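Residue numbers (the numbering used here), protein chains in the order written: chain A, 495 to 757; chain B, 601 to 979; chain C, 5 to 282.
Hints were generated in silico from the structure; no laboratory data involved. If you're wondering where the values come from, they're calculated on a predicted model, not measured in any experiment. Hints are not guaranteed to be accurate.
So, partial list: chain A residues that the calculated Cβ filter (under 7 Å) puts toward chain B [what the hints assert, rightly or not]:
{"hint": "1", "residue": "S527"}
{"hint": "2", "residue": "L655"}
{"hint": "3", "residue": "D657"}
{"hint": "4", "residue": "A658"}
{"hint": "5", "residue": "R660"}
{"hint": "6", "residue": "G663"}
{"hint": "7", "residue": "P667"}
{"hint": "8", "residue": "V670"}
For each label pair, taking beta carbons as the anchor points, the in silico distance ranges come out as [what the hints assert, rightly or not]:
{"hint": "9", "chain 1": "B", "residue 1": "T740", "chain 2": "A", "residue 2": "G750", "range": "24 to 32 Å"}
{"hint": "10", "chain 1": "C", "residue 1": "P19", "chain 2": "A", "residue 2": "I743", "range": "32 to 40 Å"}
{"hint": "11", "chain 1": "B", "residue 1": "V790", "chain 2": "A", "residue 2": "F587", "range": "26 to 34 Å"}
{"hint": "12", "chain 1": "A", "residue 1": "W666", "chain 2": "B", "residue 2": "E969", "range": "37 to 45 Å"}
{"hint": "13", "chain 1": "C", "residue 1": "L96", "chain 2": "B", "residue 2": "L784", "range": "37 to 45 Å"}
{"hint": "14", "chain 1": "A", "residue 1": "G750", "chain 2": "B", "residue 2": "S751", "range": "17 to 25 Å"}
{"hint": "15", "chain 1": "C", "residue 1": "P177", "chain 2": "B", "residue 2": "T740", "range": "49 to 57 Å"}
Calculated from the model, a selection of chain C residues having no Cβ within reach of chain A, i.e. all distances over 12 Å [unchecked claim]:
{"hint": "16", "residue": "E38"}
{"hint": "17", "residue": "N60"}
{"hint": "18", "residue": "G62"}
{"hint": "19", "residue": "R66"}
{"hint": "20", "residue": "R69"}
{"hint": "21", "residue": "C78"}
{"hint": "22", "residue": "F87"}
{"hint": "23", "residue": "A88"}
{"hint": "24", "residue": "T120"}
{"hint": "25", "residue": "T139"}
{"hint": "26", "residue": "R144"}
{"hint": "27", "residue": "D176"}
{"hint": "28", "residue": "G187"}
{"hint": "29", "residue": "T231"}
Each residue gets a CB set at the ideal place from its N, CA and C atoms; glycine is no exception.
Spelled out from the first residue to the last, the chains are:
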Amino acid sequence: MRRIGLALAWTMLTLSVVFLLAPLAVTIAVSLSPSPVFELPRDELSLIWYRQIGALDGLLPSVLLSLEVAAIATAVSLVLGTLAAIAVVRGRFPGREAITTFLVSPLMLPGLVLGIALLQYFRSLGLREALPTLLLAHVLVVLPYVMRTLTGGLSLFDFTLLDAARTLGLSWPRAVLQVMVPVLAPSFLTGGLFGFLSSVDNYPVSIFLTDVYHKTLPIQLLQYIGESPDPTIAAVSTLMIGLTVLVLILGERLVGLDRMAGV
Amino acid sequence: MPNGVVGSPNGVVGSPDAYLRIDRVAKRFGRATVLDALSLDVAEGEFISLLGPSGCGKTTLLRILAGLLTADAGRVTLAGRELGRLPPHKRNVGVVFQNYALFPHLTVAENIGFGLRARRVPKPEAAARVARGLEMIRLTHLADRPVTQLSGGQQQRVAMARALAVNPALILLDEPLSALDRKLRETMQVELRTLLRALRMTAIFVTHDQEEALALSDRIAVMNAGRIEQLDAPRAIYDRPASPFVLDFVGLSTTLSGVVERVDGPMLEVVTALGPVRVRGQFVRGARVLLAVRPEKIGVGSGAGNVPGAGPRAGNTATIRVADRTFLGRSCLVHGVAAEGDRVVLETSNDMGERVVPGSDLLVSWRPEDTLLFPQVAG
Amino acid sequence: MRRLRPAGVGLLSLPATIYFLLLFAVPLAVLLAESLHDRSGWTLAHYTRFFTTPYNWGVVGRTLRVAVLCTLFCTLLGYPAAFALARTRSLLQSALIAALLLPLSVSVIVKAFGWTVLLRGNGVVNQALQALGLTDAPLRLLFTEAGLLIGITNIFLPFMVLPLFAVVRQLDPRLTEAAATLGSTPLHGFLTVTLRLTLPGLIAGITLVFSLSIAAYVIPTLLIGDTYQTLPTLIATSFLYLQDPGKGSVAGVTLLVLSLATIIASAALSRRFTGRGR
Ligand SMILES: Nc1ncnc2c1ncn2[C@@H]1O[C@H](COP(=O)(O)OP(=O)(O)O)[C@@H](O)[C@H]1O
Ligand SMILES: [Mg+2]
Numbered sequence: 495m496r497r498i499g500l501a502l503a504w505t506m507l508t509l510s511v512v513f514l515l516a517p518l519a520v521t522i523a524v525s526l527s528p529s530p531v532f533e534l535p536r537d538e539l540s541l542i543w544y545r546q547i548g549a550l551d552g553l554l555p556s557v558l559l560s561l562e563v564a565a566i567a568t569a570v571s572l573v574l575g576t577l578a579a580i581a582v583v584r585g586r587f588p589g590r591e592a593i594t595t596f597l598v599s600p601l602m603l604p605g606l607v608l609g610i611a612l613l614q615y616f617r618s619l620g621l622r623e624a625l626p627t628l629l630l631a632h633v634l635v636v637l638p639y640v641m642r643t644l645t646g647g648l649s650l651f652d653f654t655l656l657d658a659a660r661t662l663g664l665s666w667p668r669a670v671l672q673v674m675v676p677v678l679a680p681s682f683l684t685g686g687l688f689g690f691l692s693s694v695d696n697y698p699v700s701i702f703l704t705d706v707y708h709k710t711l712p713i714q715l716l717q718y719i720g721e722s723p724d725p726t727i728a729a730v731s732t733l734m735i736g737l738t739v740l741v742l743i744l745g746e747r748l749v750g751l752d753r754m755a756g757v
Numbered sequence: 601m602p603n604g605v606v607g608s609p610n611g612v613v614g615s616p617d618a619y620l621r622i623d624r625v626a627k628r629f630g631r632a633t634v635l636d637a638l639s640l641d642v643a644e645g646e647f648i649s650l651l652g653p654s655g656c657g658k659t660t661l662l663r664i665l666a667g668l669l670t671a672d673a674g675r676v677t678l679a680g681r682e683l684g685r686l687p688p689h690k691r692n693v694g695v696v697f698q699n700y701a702l703f704p705h706l707t708v709a710e711n712i713g714f715g716l717r718a719r720r721v722p723k724p725e726a727a728a729r730v731a732r733g734l735e736m737i738r739l740t741h742l743a744d745r746p747v748t749q750l751s752g753g754q755q756q757r758v759a760m761a762r763a764l765a766v767n768p769a770l771i772l773l774d775e776p777l778s779a780l781d782r783k784l785r786e787t788m789q790v791e792l793r794t795l796l797r798a799l800r801m802t803a804i805f806v807t808h809d810q811e812e813a814l815a816l817s818d819r820i821a822v823m824n825a826g827r828i829e830q831l832d833a834p835r836a837i838y839d840r841p842a843s844p845f846v847l848d849f850v851g852l853s854t855t856l857s858g859v860v861e862r863v864d865g866p867m868l869e870v871v872t873a874l875g876p877v878r879v880r881g882q883f884v885r886g887a888r889v890l891l892a893v894r895p896e897k898i899g900v901g902s903g904a905g906n907v908p909g910a911g912p913r914a915g916n917t918a919t920i921r922v923a924d925r926t927f928l929g930r931s932c933l934v935h936g937v938a939a940e941g942d943r944v945v946l947e948t949s950n951d952m953g954e955r956v957v958p959g960s961d962l963l964v965s966w967r968p969e970d971t972l973l974f975p976q977v978a979g
Numbered sequence: 005m006r007r008l009r010p011a012g013v014g015l016l017s018l019p020a021t022i023y024f025l026l027l028f029a030v031p032l033a034v035l036l037a038e039s040l041h042d043r044s045g046w047t048l049a050h051y052t053r054f055f056t057t058p059y060n061w062g063v064v065g066r067t068l069r070v071a072v073l074c075t076l077f078c079t080l081l082g083y084p085a086a087f088a089l090a091r092t093r094s095l096l097q098s099a100l101i102a103a104l105l106l107p108l109s110v111s112v113i114v115k116a117f118g119w120t121v122l123l124r125g126n127g128v129v130n131q132a133l134q135a136l137g138l139t140d141a142p143l144r145l146l147f148t149e150a151g152l153l154i155g156i157t158n159i160f161l162p163f164m165v166l167p168l169f170a171v172v173r174q175l176d177p178r179l180t181e182a183a184a185t186l187g188s189t190p191l192h193g194f195l196t197v198t199l200r201l202t203l204p205g206l207i208a209g210i211t212l213v214f215s216l217s218i219a220a221y222v223i224p225t226l227l228i229g230d231t232y233q234t235l236p237t238l239i240a241t242s243f244l245y246l247q248d249p250g251k252g253s254v255a256g257v258t259l260l261v262l263s264l265a266t267i268i269a270s271a272a273l274s275r276r277f278t279g280r281g282r
């Protein structure tokens, strides 16, 4: 019985890992094949599709727009989220739990619903420009990640460290900068990183706020896939996988995988 | 030493130029009075223990001295300078926190050098002082380890070295040894005392462990509910406790309540559950009093109470029923019950302890001079 | 923090809270109002129109069906997998966690694109099936419910494994041994000890996967298309193509209610089974 259980567990784990990596592996493989019809490379590898990336219409602007929106939204979220996390962890006021739930709730609620709600709301306010509405909306996407990891980090933070720094000769603001910020750096990084990634990847909120001139990367990509699916998309996707790997390696170096996995 | 008073540890109470003067400091949290107009003078180089049950305000007092908390009333002066509302980083008061509060993102050496960097001490000098600090706590070989990898005792030493590295005018230690196991705690007590004495550091050491306070201090301030009940040398605290609270908090004793029956010059005769007890003191006849005797002052047999040259009737004797014995290692405690249920505890040699049989009656005696006397508090 | 009283520290939550009130709570309220409103004023007309159309019931049914099946598959794969993951040694464990984190962090669109390649008629899956002799002709997978389920399970599987792993690895293996010494059979021991102790992780995983999968949009769009509509695709078409905000708002409110109900039910369940909230 135990044996069977263990064998089952291992089988499922192996299956899961293969299953999870399959779409990534096939994307990478297809991008390296010279065939134009999504085939695995047979005898030779080719970078032809990577050279085609430059010919994709509107890719670069969409990448830049996505990065700009994600960077600004993450910066704003780090500030607002840190303040709010300090408030709920350190404060002694009724409704702390409610505020925490409120500020992380976009994680659990359908993004599409938020998207149409914002669409109607901005329209009723007469706000129709893509960039400001995207920025305003993406803070709602990023801040929950920051809030979640920082409340976790802060509730483990030992505030006597600040007292210690002050008795050793640092003023209060310097103590915060030299002790609290570095000790909480892993939480900032994890929250910021996942928030940033989810902003770059966001489709269901952005789709309602973009216009013909302002397409974020996911919207542009989905459009390519719908219009002309060819292995160039696989090449772009492979680059995105590579970038994600880099970000994860960086995170592992700075924070450790365990903390990033939230376990 | 420029303006400190180096005197006998006992001699500076109320002296106008004490090194550290705590003058009627008060602090309330909401309705609770945590410090109640507390005053304390400390001489330079003195090692003072604040001893008291948990919740009596020891940490609160330290935080006020460090500037981490503002007092509601009162003044604190250190080396002739009024501390007032000076922020912690301008006080030059070192603190060793109860949980050590080591910076987890820094190495051992970086922790020790933290205060030097904060004060912008030039790098070469800072490095030399960190090296000396490491040597002092014998952790040079662990200089580049993250502090999170150290054992409890090592962390404690790093916390000490970090606080001392900036050469503070005063060091405050908040139950620095309470997290260590007993054996290590005893080693660290000696180490800490030697270190602070060698540096001639003025120290306030908070503890709720009376043995630790007795072992380490020049003087002990016994605190209770935000006030100092008694400030004295360890021996005096133990031998002449100023109140039943101090008596109860420091060491074991047998306590008896009674009424003064006869006044005979400097001697009183008090009627207790154990019979008449003779004690030196000044009370009027009929006064209700509390008597106490330390266990090691009570002996087995009638001889222990004899005062040389005062005749056989001068001592106090009593018969108790032996309830239990506790073997302590060096000696043995015998617990007895008197006729009306009062408990008596005496310390005997191990051999004597062996011979005492629980359930049997035992004749014990002690000298009138060794009997402590307090007024009986109403209720 | 030092200068501020505890009540004052609470003020630091104001900027984020006000932001969320203005840009999250109010817009959702506007959406709700919009669904109850048309040119003539307040009305339930959008709701009656929506819920008297059998097609829309079909959409709601499909949304729930896909979410339930996806949650089921994720549980069947993820629950045992979390146990195996918790038993591995550190190096292999790190590698496996990385193998979970990478797909989690890669863009949904990239993964969905990968599945369109894998599932097409002459795609890798069909080639493998034929090579193994399991089928003669290529199976139609893309634009079928089976394809959709494969893709959506793939996307949300890590959300099941990670919370479970967090709980399982804190399990004390001695507990099942203790149960065994008390004479319980392995199955009984599993049900009374292990399952019971991992229930918080299981509830968390199920809640997460279910509420994410009822809201999935990109995957259905790419893997099955408009012929098989779920609530999210219906919402998107109502707004983007049909210009019918009344219908879209009702669908949006319906989806919102479903996911709130999931969260509330999950909170109630975990209180019931763990004796405490959250
Ligand atoms: N920040 C605070 N707010 C309210 N009450 C406090 C605070 N700090 C301490 N107290 C209360 O003051 C009393 C004394 O605390 P403390 O000085 O820490 O005692 P000790 O260190 O002697 O154990 C305790 O009853 C404690 O609950
Ligand atoms: Mg304390």
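Hint check:
The closest approach between the C-beta of S527(A) and any C-beta of chain B is roughly 47 Å, which is over the 7 Å cut-off, so the hint fails. For L655(A), the interface hint holds, since its Cβ comes within 7 Å of a Cβ in chain B; the closest pair sits about 5 Å apart. About 5 Å separates the beta-carbon of D657(A) from the nearest beta-carbon of chain B, less than 7 Å, and the hint is met. Checking A658(A) against chain B: minimum C-beta separation of about 4 Å stays under 7 Å; hint holds.
Against a cut-off of 7 Å between C-beta atoms, the interface hint on R660(A) holds, since the closest Cβ of chain B lies about 4 Å away. A distance limit of 7 Å between C-beta atoms decides the matter here; for G663(A) the minimum to chain B is near 4 Å, and the interface restraint holds. Look at P667(A): its Cβ only gets to about 11 Å from chain B, farther than 7 Å, so that hint breaks. Hint status for V670(A): violated, given a least beta-carbon distance of 13 Å to chain B, over 7 Å.
Range check, T740(B) to G750(A): about 29 Å between beta-carbon atoms, so the 24 to 32 Å window is met. Taken as a hint, the range 32 to 40 Å holds for the pair P19(C) and I743(A), whose Cβ atoms sit roughly 34 Å apart. Distance hint check for V790(B) and F587(A): the Cβ-Cβ separation is about 48 Å, which falls outside the suggested range of 26 to 34 Å. A hinted range of 37 to 45 Å is violated for the C-beta pair W666(A) and E969(B), which are about 57 Å apart.
In this structure the supplied range 37 to 45 Å holds for L96(C) paired with L784(B), their Cβ-Cβ distance being about 38 Å. The hinted range of 17 to 25 Å is satisfied by G750(A) and S751(B), whose Cβ atoms lie roughly 23 Å apart. With their beta carbons about 42 Å apart, P177(C) and T740(B) fall outside the hinted range of 49 to 57 Å. A beta-carbon of chain A comes within 12 Å of the beta-carbon of E38(C); the shortest separation is about 6 Å.
The Cβ of N60(C) sits about 16 Å from the closest Cβ of chain A, beyond the 12 Å cut-off, so the non-interface label holds. Taking the minimum C-beta to C-beta distance to chain A, about 19 Å, the non-interface status of G62(C) holds against the 12 Å cut. At roughly 16 Å from the closest C-beta of chain A, the C-beta of R66(C) stays outside 12 Å, upholding its exclusion from the interface. The Cβ of R69(C) lies farther than 12 Å from every Cβ of chain A, with a closest approach of about 17 Å, so its non-interface assignment holds.
The claim that C78(C) is not at the interface with chain A is violated, since a C-beta of that chain comes within 12 Å of its own (minimum 9 Å). Separation of F87(C) from chain A is inadequate, the least Cβ-Cβ distance of about 4 Å not exceeding the 12 Å criterion. Residue placement check: A88(C) does not keep its beta carbon more than 12 Å from all beta carbons of chain A (closest about 4 Å). Not every beta carbon of chain A lies more than 12 Å from that of T120(C), the smallest distance being close to 7 Å; the non-interface claim is violated.
Residue-level check passed: T139(C) sits 19 Å from the nearest beta carbon of chain A, beyond 12 Å. Chain A leaves R144(C) outside its interface by the beta-carbon criterion, the shortest separation being 16 Å against a cut-off of 12 Å. No Cβ of chain A approaches the Cβ of D176(C) within 12 Å, the least distance being about 16 Å, so the stated non-interface status holds. For G187(C), the condition that its CB be more than 12 Å from all CB atoms of chain A holds, with the nearest at approximately 15 Å.
With a cut of 12 Å on Cβ distances, T231(C) stays outside the contact zone with chain A, its closest approach being about 15 Å.
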